Amino acid sequence: MRTTRRQPGTWVRYLLLTLAAAVFAFPFWFMVVGAFQESPTNTPGQLLPTSGWTLGNFAAIDSRIDLLGSLLNSLVFTAGVLLGTVTFGLLAGYAMARLDFRGRGATWVLMLLVQMVPFQLLMIPLYVQITRGFGLGDTYLGMILPFAINTTAVFIFTQFFRALPQEMFEAARIDGASELRIVRSIAVPLVRPALTTVVLVTFIGPWNEFLWPFLITKDATLQPLAVSLANYISNVAQSTANPNGAILAGATTLAFPVVVLFVLFQRYFTASNIGSAVKG
Amino acid sequence: MTAIAAIASRERRTGGAPAPRAGLYPTPRSPHRPRPWTPYVFLAPFVLIFGTFVLVPAVAGLWMSLHNWDFFLPDRPFVGLQNYVDLFTPDALVAQQFWESMRATGLFVVLSVPLLMAIPLGLALLLNQRFRGRTFFRAVFFAPYVLGVSVVGLLWQYLLNGNTGLINGYLAQLGVTEPVPWLTATPWVWVSLVGVTVWWTMGFNSVVYLAGLQNVDEALYDAAKVDGASRWQQFVHVTIPQLRPVILFVLTMTVLASANMFGQSYLLTGGNPSNETRTAIMLIADVGLEQFRMGLAAAMSYLLALLLIVVSALNFLFLRQKES
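First to last, the sequence lines map onto chains W and R.
According to the working numbering, the first sequence is numbered sequentially starting from 1.
According to the working numbering, the second sequence is numbered sequentially starting from 1.
Careful: at least some of the hints might be erroneous.
Unchecked claim - Heads up, incomplete: computed chain R residues facing chain W, CB under 10 Å, no partners named:
1. F42
2. L62
3. L154
4. W156
5. L289
Hints listed in this document are in silico derivations from the structure and should not be mistaken for laboratory results.
Computed from a prediction, not measured in an experiment: that's the story for all the values here.
Heads up, the beta-carbon is just placed ideally off N, CA and C, and yes, glycines get one too.
Kindly generate the complete structure, drawing on both the sequences and the hints.
Here is the structure:
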């Protein structure tokens, strides 16, 4: 579907896309402006405020929930999930792409199955298992473990490993390298873009995850920001002078790291990278 | 053309296994062939965690659903299929609640999935062309996807608020004097829930479509043009058949995601008005984790899962059949 330049449709396309983009970006604008306003209002006329700027909303929410501590918890939770996803994903992806073994087909089906089982269906037995069975309620480990494998990551790694030339692996094996050594010194350095893609794609999940850490943590000092923010909204917002501003400030804080990462690494969110997961 | 599509998609499904490729490059015997157990060791952590945190809870859930399982009661008597029977007893309160929530879930799927299939495809077609600013637009449309459901819910609650929301503010400026009850009355609640979900997740579907479009062989379009095919005919006879595996993937994932909708309803409408937007997952969470009737909640989970498996299988069969 190639188009030649200077078609009459060109400006129509730009008009449509620009309009749609404006509608799409509008809630972001609303959130960020509101976070820095003394009294965020909902009147259309005040969407481009000229005065009333403040940092007080961030101070207000920080006095109610430990903003820094919550961010740190989010970071620990996310880092743990990423570590598991990348390590186990690399190993599994390498085995699926580069090693021949009995039961590869069955493993593939198993992985598709993991992708199909929605977390919500497991959440009740999982909750009982983690809190009662393993005694991991109110721990980082209990938060992280159920999310430590990610099928999409395995698919992405498999796809990238498959694309590498066979000779390279043969040469390494002739030189006497063990498979683990090959993964570490040859395969992983060659699939850096896949690594970045996996980190970025999986970062979003745990960073924003609300339900599971919400269930598993009763101790406020362990709660990630997504959870403590929700608690703030339902419990203490009424007693803050400018709850709307504070809530928007919290939301901005939560969204900021992902949006920054997304903007910085935008090119890794490309079609071919994410799409490679699909074609598994 | 369909033959090409079939081969292409078959290749995608099975994936180019390295085994036959090895035959093309005969290699000298080496002392370090991978040991036969190496692949299993590499897969072990994945399988172990899968077993512990997916398989075990799945079986435990089934077991719970056959008991009168309460988190706080020491006695959890075996009740056989009673929990399931309760859900099929028309005048039982739980059955009414359950099927009402299933109706809400089904309605949401039916309303959201066509939009989440069609709009991203149109957008992907637009963005697949070469033009200035393409990267920028792609970023803007993908951006909402990086937000968490808590932020999404929060933002739209402000924007859609019936009395003070900005959306109604704009509508008032356009001359709509009666404020629209976006979050409190049907059918507006559905418009809001579906609209917010489309805004939030369509970027991801677009990116997947884009990946598919970039794999379509340009030669097929050229051939179609030589045959005098119009833009529309090219779309119907080249793009769609070539995209079929991708469409199947997007459809399956979107149906599953919509059927498991929870956060949007929970945060935006709270299941209101009168539980009309309370989805199945919301009810399951309520019965299991608020009322602690976990056996009953597990039974609900299994019915929902069973239904989803059937729907996914039907999708698969339907789209596969068309292919051959």
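Original post:
Looking back at the numbered hints, which does the structure fail to meet, lowest number first?
Top reply: none
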